[in-house]
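Same order as they appear, the protein sequences are chains A and B. If you're matching positions, the first sequence starts at 0 in numbering that gives the first Met the number 0 and goes up one per residue. If you're matching positions, the second sequence starts at 0 in numbering that gives the first Met the number 0 and goes up one per residue.
The set of hints was computed from the structure by calculation and includes no laboratory data. All figures in this text were calculated on a predicted structure; none of them were measured in a lab. By construction, the Cβ of each residue, glycine as well, lies at the ideal position given by its N, Cα and C atoms. Any given hint could turn out to be false.
Stated by the list, open to error - Computed beta-carbon distance windows for the label pairs:
| hint | chain 1 | residue 1 | chain 2 | residue 2 | range |
| --- | --- | --- | --- | --- | --- |
| 1 | A | Arg168 | B | Pro4 | 45 to 55 Å |
| 2 | A | Arg211 | B | Val96 | 40 to 50 Å |
| 3 | A | Gly55 | B | Thr1 | 14 to 24 Å |
| 4 | B | Ile98 | A | Asp46 | 36 to 46 Å |
| 5 | B | Gly61 | A | Ala86 | 25 to 35 Å |
| 6 | B | Arg29 | A | Ala117 | 15 to 25 Å |
Stated by the list, open to error - Listed next, the stretches of chain A that the computed footprint assigns to chain B, with coverage defined by at least 3 CB atoms under 8 Å from CB atoms of chain B:
| hint | region |
| --- | --- |
| 7 | 29 to 39 |
| 8 | 45 to 53 |
| 9 | 67 to 78 |
| 10 | 110 to 122 |
| 11 | 126 to 138 |
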Amino acid sequence: MAPLIVAVIPIGLVFGAVAASKGLSSLEATLMSILVFAGGSQFVAMDIWTHPAPWGALAFSALLVNIRHVLMSASIGTKMPAFSGPAKYAAMLLLADEIWAMAEVRAGKTRLTPAWYAGLAVPFYCVWVLASLAGAAAGAFLGDPKAIGLDFAFPAVFTVLVMGFWKGRETGAVLAASAAAAVLAHQLLPGVWYIAAGAAAGVAATLVTSRRQEACA
Amino acid sequence: MTLDPNTFLAIVAMAAATVLTRIAGLVLIRFVAIGPQQKRALEAIPPAVLMAVIAPTALVTGPAETLATLATAFAAMRLPLLAAVAIGVFVVAVARVLIGM
Chain A
0 MAPLIVAVIP IGLVFGAVAA SKGLSSLEAT LMSILVFAGG SQFVAMDIWT HPAPWGALAF
60 SALLVNIRHV LMSASIGTKM PAFSGPAKYA AMLLLADEIW AMAEVRAGKT RLTPAWYAGL
120 AVPFYCVWVL ASLAGAAAGA FLGDPKAIGL DFAFPAVFTV LVMGFWKGRE TGAVLAASAA
180 AAVLAHQLLP GVWYIAAGAA AGVAATLVTS RRQEACA
Chain B
0 MTLDPNTFLA IVAMAAATVL TRIAGLVLIR FVAIGPQQKR ALEAIPPAVL MAVIAPTALV
60 TGPAETLATL ATAFAAMRLP LLAAVAIGVF VVAVARVLIG M
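One chain only, chain A, in its complex shape:
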């Protein structure tokens, strides 16, 4: 899990720098990382940020980008028998894509414990907040993050995580359906509907393939 925590540093730096370039103060950028702690929605918010901040639109976009958390928490929630009720809810407050993906992989191998989860999530959270602060403070000096490819750190992390979920042909069907639907929705619809479209298509694909397998059996 150390690589994961190191990998979040450049992403946090980039977020801070992008926030600074959008006119947010270091305090505002850091506060967003402390309270929202959801990189994808924070980047999307920076994309649509105007002054004064359109809070309704920003909240709605955060809801859409993070709607996947509903399914993620439902999925990981079934794998937390070792957690007390309050511990489960506390754990969900620190549920980020990377933490969730690592926890899913861990739950597939062994029993998920609160200590293991906290050992991953708490340092990850602290590093995210500190990196955002550093990025916002460095902001102007960092220059264009695109020039050194840092904006690609975020998609690259997700690419590696996707590869970790590969279980064979059925995964291929899910990924192909998700990619096709996401690209289509991304080209046709404004905003972040493409994430919901890809998720829905992937789930539909797995249900179709599993039904076909049952019919053959």
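Put chain B on the given structure of chain A with help from the hints.
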């Protein structure tokens, strides 16, 4: 170090929306039984969502991003996360220079 009231309101609203999504799943599974079909659907969500997040970058942003995504995926089969991510970042930076964004 300033804190604009509108910005603060936006941050709190985003945070509330995010917390809602994070605990909604836990509430959901208390009331909905998870059978084999539901379980299969839930298991497909992780790769499907991750794929959806990267698909526009990987496929329709430009050749540099497509190339870098392939390089990252290929590296991920052999190397740990950080090394694969570093390769992806390096490839995208070099490819943008060579191909010209």
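Hints versus structure:
Separated by about 54 Å at the C-beta atoms, A/Arg168 and B/Pro4 satisfy the suggested range of 45 to 55 Å. Range check, A/Arg211 to B/Val96: about 46 Å between beta-carbon atoms, so the 40 to 50 Å window is met. At roughly 22 Å, the beta-carbon separation of A/Gly55 and B/Thr1 lies within the given 14 to 24 Å, and the hint holds. Between B/Ile98 and A/Asp46 the beta carbon distance is about 24 Å. The supplied range of 36 to 46 Å is therefore violated.
The beta-carbon spacing between B/Gly61 and A/Ala86, approximately 45 Å, falls outside the hinted interval of 25 to 35 Å. Taking the beta carbon of each, B/Arg29 and A/Ala117 are about 23 Å apart, inside 15 to 25 Å as hinted. Only residues whose beta carbon comes within less than 8 Å of a beta carbon in chain B count, and the region 29 to 39 of chain A has 7; three or more means the coverage holds. As drawn, the region 45 to 53 of chain A meets chain B at 4 residues by the rule of a beta-carbon pair under 8 Å; at three or more, the given contact holds.
Under a criterion of three residues with beta carbons nearer than 8 Å to beta carbons of chain B, the stated coverage of the region 67 to 78 of chain A is upheld, 11 such residues being counted. For the region 110 to 122 of chain A, the stated coverage by chain B is violated: 0 residues have a C-beta nearer than 8 Å to a C-beta of that chain, whereas at least 3 were required. Given a C-beta distance limit of less than 8 Å, the hint that chain B covers the region 126 to 138 of chain A is violated, as 0 residues qualify and 3 are needed.
Comparing the model with each earlier hint shows violations of hints 4, 5, 10 and 11; every other hint is respected.
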